[in-house]
Amino acid sequence: MSLLAVENLCARHGLLQAVRDVSLRAAEGEIVALVGANGAGKTTLLRTIAGSHRATSGRISYDGAEVAGLRANGRVHLGIALVPEGRRLFGNMTVEENLKVAGANGRRGRWTIATVLDAFPMLQPHLKQRCGELSGGQQQATAIGRALMTNPRVLLLDEVSLGLSPVAVNAVYESLQTVIGEGRTTIVLVEQDLSRVMRIASRIACMLEGRIVLEGKASELTREQITEAYFGLRRGEGGARA
Amino acid sequence: MMFADQILQGIFLGAYYALIACGLSFLFGVMRIINLAHGSIAVLSGYLVWSLAEHFAVSPFLALLAAVPVMAAAGYALQRTVLERSLRSGPLIPLLSTFGLAVVLDNSMFQGFGADTHSLDIGDLAFASWSGPGGIQVGQLAVLTLVVAVALLGGLQLFLTLTPLGRAIRACAEDAETAELVGIDARNVFAAATAIALVTVAIAGAFLGMRATFDPYTGPTQLIFAFEAVVIGGAGSLWGTLIGGVVLGVAQNLGSQVSPQGFLIGGHLVFLAVLAARFVLAGRDWRSLVRARKPASA
Numbered sequence: 001m002s003l004l005a006v007e008n009l010c011a012r013h014g015l016l017q018a019v020r021d022v023s024l025r026a027a028e029g030e031i032v033a034l035v036g037a038n039g040a041g042k043t044t045l046l047r048t049i050a051g052s053h054r055a056t057s058g059r060i061s062y063d064g065a066e067v068a069g070l071r072a073n074g075r076v077h078l079g080i081a082l083v084p085e086g087r088r089l090f091g092n093m094t095v096e097e098n099l100k101v102a103g104a105n106g107r108r109g110r111w112t113i114a115t116v117l118d119a120f121p122m123l124q125p126h127l128k129q130r131c132g133e134l135s136g137g138q139q140q141a142t143a144i145g146r147a148l149m150t151n152p153r154v155l156l157l158d159e160v161s162l163g164l165s166p167v168a169v170n171a172v173y174e175s176l177q178t179v180i181g182e183g184r185t186t187i188v189l190v191e192q193d194l195s196r197v198m199r200i201a202s203r204i205a206c207m208l209e210g211r212i213v214l215e216g217k218a219s220e221l222t223r224e225q226i227t228e229a230y231f232g233l234r235r236g237e238g239g240a241r242a
Numbered sequence: 243m244m245f246a247d248q249i250l251q252g253i254f255l256g257a258y259y260a261l262i263a264c265g266l267s268f269l270f271g272v273m274r275i276i277n278l279a280h281g282s283i284a285v286l287s288g289y290l291v292w293s294l295a296e297h298f299a300v301s302p303f304l305a306l307l308a309a310v311p312v313m314a315a316a317g318y319a320l321q322r323t324v325l326e327r328s329l330r331s332g333p334l335i336p337l338l339s340t341f342g343l344a345v346v347l348d349n350s351m352f353q354g355f356g357a358d359t360h361s362l363d364i365g366d367l368a369f370a371s372w373s374g375p376g377g378i379q380v381g382q383l384a385v386l387t388l389v390v391a392v393a394l395l396g397g398l399q400l401f402l403t404l405t406p407l408g409r410a411i412r413a414c415a416e417d418a419e420t421a422e423l424v425g426i427d428a429r430n431v432f433a434a435a436t437a438i439a440l441v442t443v444a445i446a447g448a449f450l451g452m453r454a455t456f457d458p459y460t461g462p463t464q465l466i467f468a469f470e471a472v473v474i475g476g477a478g479s480l481w482g483t484l485i486g487g488v489v490l491g492v493a494q495n496l497g498s499q500v501s502p503q504g505f506l507i508g509g510h511l512v513f514l515a516v517l518a519a520r521f522v523l524a525g526r527d528w529r530s531l532v533r534a535r536k537p538a539s540a
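Those protein sequences? They're chains A and B, same order as listed. Residues 1 to 242 (the numbering used here) are what the first sequence spells out, left to right. Residues 243 to 540 (the numbering used here) are what the second sequence spells out, left to right.
Do not rely on the hints blindly, as some may be mistaken.
Calculated Cβ distances over 10 Å to all of chain B for the following chain A residues [claimed, not checked]:
# : residue
1 : R59
2 : N105
3 : Q129
4 : L164
5 : V179
Covered, in the sense of this in silico footprint (three residues per stretch, anywhere, with C-beta under 8 Å from a C-beta of chain A), are these stretches of chain B [unchecked claim]:
# : region
6 : 398 to 411
7 : 426 to 435
8 : 464 to 474
Which chain A residues stay away from chain B? Per the calculated CB distances, all over 12 Å, these [said to hold, decoys possible]:
#  : residue
9  : G103
10 : L194
11 : K217
Since the hints were derived computationally from the structure, they do not count as laboratory data. Nothing here was measured: the structure is a model prediction, and the numbers come from that model. Yeah, the Cβ is synthetic: ideal placement off N, Cα and C, and Gly gets one too.
Chain B extracted, bound-state conformation:
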C-alpha cells in the first residue's frame, strides 16, 4: 500500500512538473530554443500573481487571470527583443542570452522583493484532501494540478492540430522560410508562440506559489525539473512532456522511500538512464559520451 501511495503521489507531483515543463517543451518544439530563463520567468509570474493578489486583496486564481495577458505580452516582447535576435546568430546564442536573462531576472527579483519566501494564499485548498481506500489521502490541490496539466498540454496539442494559428506555428517550426512563401509572417507567428509559452509559464508559476514557497532564486531548480521532464518525455512532444513529468515525479517519490537523499537522486538517475537509452537506441556508441569527439566519428 505504501508503494501504491508513493506512486500515486508521484503522479500528482509529476503533473506539477509537466505543468512547469509545458512552456519549455513548447518553445523547444517550435523554435529549438532551450529557454534557460524558463524557471526564473515562472518565479517572476509567481511574484506577479502574488503582488496582484496582495494589492487588490483578491484570490490568487483571479490574480492569475489578470496575470495571463501581462505574461502573454511579455512573451511577445521577449521574442521580438531577445530570442529573435539571438536565434539569428546561431543555435548557441539563445542559450547564452536566456542564461543572461535568468541572471538578470533572479537578481532583479531579489532587489525588488527581497530574500523573504512567499507563497500564494489559497486558504483551505492548500491542505484539503480526499480520503481514498486504504488510508490514502489525495490532496485537492494536487488533483487540481493534474487536471490543469492534462487540460493545458492536451489543449495545446489540440490547438496545434486544429486551429489555423496552430497549423501556422507547426509550419514555421518545420521550415520558417517556406512558411513565409505561403504567406505566413513567421516573425509574428514565433512571437505568438512565445506569448503562448509564457501564458503556460504564468499558470505554472501560480501553481508553484500555491503548492510551495518561492524566493527570487527558486527559478533554476524549477528549470532543472522542467528540463528533466522534457528530456525524459522526448524533446518537443507535449504528451511526452506529461509522461516525462509523471515519470520524474514517481522516480523522485520512490527514491525518497529508499533513502532520505533519494528524492533528487532518484529523479536524476531516471533522467540519465533515459538519456543513455535514447543514445543507444539512436545507434550511437555510449562510450562516445565520455570520449573526446573525433572529427570523423559521425
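Just chain A, with the same shape it has in the complex:
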C-alpha cells in the first residue's frame, strides 16, 4: 500500500494554476524523483503535500488518512517533512538551535542531534555558529538535518543542489545516502541533475505545466523519454506513460 497518495491534486497561485490534477503515489521506502522545467509546478506540489500551500481540490492521503485539511505543523507530527527550496534556515539561530527547535516540536524517533551529526559530519565544527554565516553546502546539510530531526516517514526534498558548487552537492548527496541506504524513509525529491536522479530514484515523474506527463520506474525509463517529456516535445500525441 502507498504511504503517500496524492489524487487529482490542484493548487493555484492566484489565477495561475500551478498544479493541475496531479496524482502521485509513493510506497514505504521508495524514492520518487520529480523532474521538470522551472515553473512546471514541482515546488508547489511539494509545498502542497507539506501543507505550506493550500490545495484548491484533490486528496492527499498519508498512511491511509486524509491530511489535506491539516496545517503544516500537524502533518509534521504525522511524519511528513519538507526541506524547502532555498533552505529557509533560521539564520539568526545557531546550527544546534535549528536542529533543537525541530527536535523539540517534531516526532520522537531515531534522529537526534547525535545521529544527524553522524550522517552530516561536516556540521560538527559549526554547531555553535549562526546559520547565516555558513557556506551553502553547510546550510543545505543543516536544512536536511533539521527536517530529519522531526523524524519523518516521508521526506520531501526541494532542489537540495540549488546554488551549490558541484563539490558541495556531492557532499550533501553522500550524506543523504545514509538516509537513503537505510530504506526506512520515503523520499520525494526535486532535482535537476538527470543522471543523479536516474541513479538514486526508484521512480521518476516528469512534470510539465502543472501536470505529470511521464511517470515510471527509473530502470524502465530512458534518458530520451524523460528529455522529451521535460520539454514537451510529444504534446501533440497526448503525452507518454511508461
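Position chain B relative to chain A; hints supplied.
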C-alpha cells in the same frame, strides 16, 4: 555632584522606562507589531492591581501576583482575536487595530473608574531612601524598579536563548511558515509570546501605580516614553531596550537641569538624534526624511 546625582536618578528613571518598554520591544521583536495600545494596557493592569489590592485589602505586590495570570490570559486572547486577524491583512492594520483598542480601553476605563487619579499604596516604600556619599539620596522603590527591570529583560533574554518555547518564539519571529514546517504551531507560539508580553506589561503597570498616579488617559504618555526607549535601544533588542530606557531617563533629567521645560524636550531630542544617526549610518540621505519620497530613490 549635582550632575552625578541627576545622572544617577536618570538611570533609575530609565529603568522604569525600560520596564514599561519591555513588552513593546518584545512584541515588536517577535511579531513586528507596534502595539499602540501598549500604554493603555499598562494603565489597565494598574487598575487591575489597584482594584484587587483595594477589594481584598492586600499589598499591591500580592495583587500583582494575582494580576499576572489574568493579563497572560488577556494576552493570549488579544493575539487570537485582534492581532492575528489584523496581521493577516498587512503590516499597517495592526497599527490601526491597536490604536482603536487604545481608544476603547481609555474610554472604558474612564467609564468604569472615573476621572480620579489613583496610585497603589505601598506604604513607606514610596518615599523610603538610602543615603549615599555627598548627600545623594537613592529611593528604595527606584532601586527595586532597576532590579526588576534588569531581571525581567535579562530573564526574558535568557528565556529566548535557553528554553524550547523561547527557541520556538525566535524561529517563528524569523520565519513563521518555515517554523510550521518543523512542527511548531506558530499561532499558539505567537499567542504565548503575546501572553508573555502582557505579563511584563502587568508588572510595568504595577510600577506605574507605585511610583506615580495614573488616570484613564495616562496610557498614551507611557506609550511615547516606551516607544522612545525601544527606538533608542534598537527595535526588537531587549538589552538595547534597557539601555534605551536609561539613555532616555538620563537625557530627561539632564534636560530638566537646563530648563524647567527641558525634561520632555531633552528626551525627545535624544530620541530624534538617535533616529537621525541610525538613518545616516544606514547609508540613507537624511534629506530624504523631509523630501517627498520618489519612486526610484531606493
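For each hint, the structure was consulted:
1. R59: At roughly 21 Å from the nearest Cβ of chain B, A:R59 sits farther out than 10 Å, so the non-interface label holds.
2. N105: For A:N105, whose nearest Cβ neighbour in chain B is about 4 Å away, the distance does not exceed 10 Å, so it is violated.
3. Q129: Consistent with the label, A:Q129 stays out of reach of chain B, its closest Cβ about 15 Å off (over 10 Å).
4. L164: Non-interface label on A:L164 holds, nearest chain B Cβ at 19 Å vs cutoff 10 Å.
5. V179: holds (17 Å)
6. 398 to 411: Three-residue rule met by the region 398 to 411 of chain B, so holds; n is 3.
7. 426 to 435: Answer holds; 3 residues pass the 8 Å Cβ test.
8. 464 to 474: Violated - the region 464 to 474 of chain B has 0 residues with a Cβ nearer than 8 Å to chain A, which falls short of three.
9. G103: violated (9 Å)
10. L194: A:L194 clear of chain B: closest Cβ-Cβ about 27 Å, beyond 12 Å.
11. K217: Its Cβ never comes within 12 Å of chain B, the nearest being 30 Å, so this holds.
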